[in-house]
Amino acid sequence: MNTSVATHDAEALVPVHVTVNGAPYGASVPARRLLSDFLRHDLRLTGTHVGCEHGVCGACTILLDGEPVRSCLMFAVQAVGHEVTTVEGCGTIESMGPVQQAFTECHGLQCGFCTPGFITTITAFLKENPAPTQDEAREAISGNLCRCTGYQNIVKSVLRAAEIAGEQAGKTR
Amino acid sequence: MTTKMFGAPIKRREDPRLVTGGGRYLDDLGHTAYEAAFVRSPHAHARIVDIDVTDALETPGLVGIWTHEDLDGPVGENLPLLIPHPALIAPATGFALAKDEVNHVGEAIVLVVAENRYAAEDAVARIRVDYDFLPVVVGLETARTAANLVHDHAPGNISAHLLQEVGDVETAMAGAPHRLSLDLAIERSACMPMEGKGVYARWDTDAEHLTLWSSTQTSTGVRAAVAARLGLPLAKVDCITPDVGGGFGVKIMHPWPEEVLIPWAARLLGHDVKWTEDRREHFISSAHERGQLQEVEVGFDDEGRVLALDVKFWHDNGAYTPYGIIVPIITATQLLGPYKPGAYRVEFWSMFTNTVLVTPYRGAGRPQGCFAMERTMDAIADYLGVDRAEVRSRNFILPEEMPYDHGLMFQDGRPLKYDSGDFPASLAKLKALVGWDDFAPYREQAASEGRRVGLGIGCYVEGTGVGPYEGAHVVIETSGRVNVATGLTTQGQGHQTAFAQIVADELGVPIETVHVTTGDTRRMAYAVGTFASRAAVMSGNAIALAARAAKAKALKIAADALEVSEDDLEIIDGVIGVKGLPEASMPIGTTAVLSNPLRYAFDEAAKAATQFAGTFDPDKPPVADDEEPGLEGKDFYSPTQATFANGMHAAIVETDPVTAEIKILRYCVIHDCGTMINPMIVEGQVHGGVAQGVGGALYERMVYDEFGQLLNASFMDFLIPYASEVPHVEADHLETPSPLNPLGIKGAGEAGCIPVSAVIASAIEDAEGFPITSMPISPGDLWELRQQHDRGELPSLRRTTAESAKEKS
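Protein chains in written order, with the working numbering: chain A, 1 to 173; chain B, 174 to 982.
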């Protein structure tokens, strides 16, 4: 009905400088740019996923100065001066982190969409509690939604990750 | 010796990529694409009077706004009726953008494209639509009264009416010593994959070619639908399925309005366009399922054997019927489970309501059918005072009766004929696993502690692997790399692993050399899709057949080159050798070199295939008359009928005597899906299915108000279970191979969720002592039932009355 030409005023941009996975990033984005969109579309770190846009599902969970937060509930500008860790910062295919490795060993994922949020959440949890019980492991992941696995193998993955992390700590000691 | 891969619980090959952020889901593509947003109807039933976009035109970043009147040609026509059926007497489908009328909240009315989603939503907020309200029909009971109509062409709000009967139910019922009636209800739920739908389209102006990515369960279906709507030759459209964040049925429906509109806009604008569904959109404009009202009448003998079963049910199909009546047909046929009633009549009415349309959700009508049948079995057991498992076993189809033809037509238009299964063996395993015979003392012990526990059971049979076909293409490169393509899609089933396991065994190559592609029409243009627990059965067998064809060719070439008989050759770890003569061998990649006679050498390996290399017989043509160059195998698997998996579940629940909270203490599963390619993956499917079943039994419902507003359209209010709500699943398997396909596979994808509502209802009923007839059930619902029971409005179970009489005497 109406095809208009995009000649309108652009939104005012705000410079955002953030450390992500140990590397400095800078971009100019609108003030309303969500941190999840900033990571995914401005920095092209698409490992962080968005499942509900209102902080319930946990798929977008990242670590802000080591603490798990929902990146869909933050603006990018709020992350200025903070250290962000995404799933890409938890390990690589060649050198997986303990939680990532545990997920591959325990069939902790199916479609993989919610997985990055679990991996960041569990990474932070194991720092607090390096040797959880099964009940503690289940409790630790009960703020994240998964529609595929029924969580059983994610609980298993938490326990296995704790083992792997323990083994690695033993080796480096 | 190559380790046997088929049947091994090997780790998934896709996982290292997915756990490190390397997945590429729909919204991970197209960072520079324009983005779309929609004005969606806030009203459930209304005529569109006027659409005013004036205020939106100055929105910064806006690219374009379109309504139905802008849609030219087939793009503006009704969306297709995908699965017509003679019983679907008044079908209805919507438009890509609503034309004149909206029939549910969430229906797309205006398409907005902008430089990004933020700008697109800004413009959406500035568009005003005026409506004339029409009466709203919500819920099956309201639909049945037909005081108001959803569609004028569907009197009684009935889209379809179907009756099937085997035997003479009237006579059998009249002659039955005992008769019972049950009124049952199941509410709506939905697939709710963690990733919603999404479409990304790229139009190549120079090549006049459309490349389309969709988060779909059928790339070939989307490709064909979009080509037809856009008036493009099939050759000018490709559809690629990227990583898909779960489907569970909702993404087999196609084409969604957005799958038509986004490519249409991309071509019009000559620019990439993308749409990523947000969660609210998914709630109000994708699809739901499950809602049914059921009336069961059953006649049985003194032993509890069913002589006559007469079922009527009403199925809520929402506002439109693009996917036909597949769901109620499945309910009607799969209701029978592992049982053989003397006579069976089933009649259903599929009803329009002003709500989101209904298409298959994992289980696809089976959970409702299983609920009806299993509630009936429990009612018979209670009436006769016979053990609930015993009543079931008296009605079982026995292994020696296989194949068993029910005399009904299944959802694929073919006979409902069970191919395999050993129901008595499954039941014995289940009883042992859950400790069925030891439950009475456990209950007494709990009661002495003031705790209330109950044991529940549910059995089902699932027709899986429906046709018409799937295909596979296996290509072996000169390096020995094996490329496998099958057309159906993947949304978490581990196809890159399971299919590679099949190929590794069939060809005798290391699994690391096998690379599987699914859901890419550039690689395999003929396919149906991933639904109905069919991928392993259909593509698994097609891939085995294609691999066998490639192997036969490799052996023929190697036999020529090594001057031995093909029968003397074997392939181990990718090397073709003469049995018992290890020095006479060649890598399978070398047969790939020899399969493709060359004029030009472009690497070392290729030299052997060039015209002066002396590797070919000068008296024969380089490529024989009946051959093609290249080491490839292509084949299709098309079965005469579905294969029938089955399972039996049992659960122990505890209900809080004060708060009516319901807790699942144990959940046990016996599962028979024939031979398993990868038991780890199968078990994962079962776990996930049970979790979805638990959601449907205890937490998930679509809460519509009388105006057709979905009141809980967010994850805040629609309660998908977290880890804290899902029980640990204890699973065991029985493998009765299907005689219908080369690999003996039966499907597994949907199994876990099918009997859960039946099992939980059975267990709660057992704990509470009064009938449970409606699911899901919340603590509030249970508390209300207790009040009704206390007021004498809800009868006690016979066994409860008998027990308390015993205690009194």
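Because the hints were derived from the structure by calculation, they are not lab data. A hint or two may mislead.
[Claimed, not checked] Under the rule of at most 20 Å between Cα atoms (straight-line distance), these lysine to aspartate or glutamate pairs were calculated in the EDC-like manner:
1) K729/B <-> E756/B
2) K729/B <-> D740/B
3) K272/B <-> D295/B
4) K485/B <-> D379/B
5) K171/A <-> E136/A
6) K156/A <-> E736/B
7) K836/B <-> E136/A
8) K156/A <-> E756/B
9) K156/A <-> E898/B
10) K485/B <-> D245/B
11) K184/B <-> E163/A
12) K184/B <-> D135/A
13) K513/B <-> D475/B
14) K184/B <-> E94/A
15) K513/B <-> E573/B
16) K793/B <-> D878/B
17) K836/B <-> E163/A
18) K836/B <-> D135/A
19) K836/B <-> D740/B
20) K780/B <-> D741/B
| task | For the pair we were handed, K793/B and D878/B, check the Cα-Cα distance against 20 Å. | result | Violated, at roughly 78 Å.
| message | K171/A and E136/A were given as a pair; does the straight-line alpha-carbon distance stay at or below 20 Å? | response | Cα-Cα ~26 Å, so violated.
| field | Holds or violated: K272/B to D295/B, with C-alpha atoms at most 20 Å apart | value | violated, 23 Å
| query | Keeping to a limit of 20 Å between CA atoms, is the pair of K836/B and E163/A held or broken? | reply | Violated, at roughly 30 Å.
| query | Taken at face value, is the distance from the CA of D379/B to the CA of K485/B at most 20 Å? | reply | Violated, at roughly 58 Å.
| Taking only the CA atoms, is the gap from K156/A to E756/B under or equal to 20 Å? | violated, 47 Å
| query | Is the hinted pair K513/B and D475/B satisfied, with a Cα-Cα distance of at most 20 Å? | reply | holds, 16 Å
| Distance restraint between K184/B and E163/A, which requires alpha-carbon spacing of 20 Å or less | holds, 18 Å
| task | Quickly compare the C-alpha distance for K184/B and E94/A to 20 Å and report which way the hint goes. | result | holds, 16 Å
| query | Quick one, are K156/A and E898/B close enough, alpha carbons at most 20 Å? | reply | Distance of about 16 Å is within 20 Å: holds.
| Regarding the pair K780/B and D741/B, is the alpha-carbon distance no greater than 20 Å? | violated, 27 Å
| message | Please verify whether K836/B and E136/A have alpha carbons no more than 20 Å apart. | response | Cα-Cα ~18 Å, so holds.
Going down the numbered hints, you'll see the structure goes against 3, 4, 5, 6, 8, 10, 12, 16, 17, 19, 20, while the others check out.
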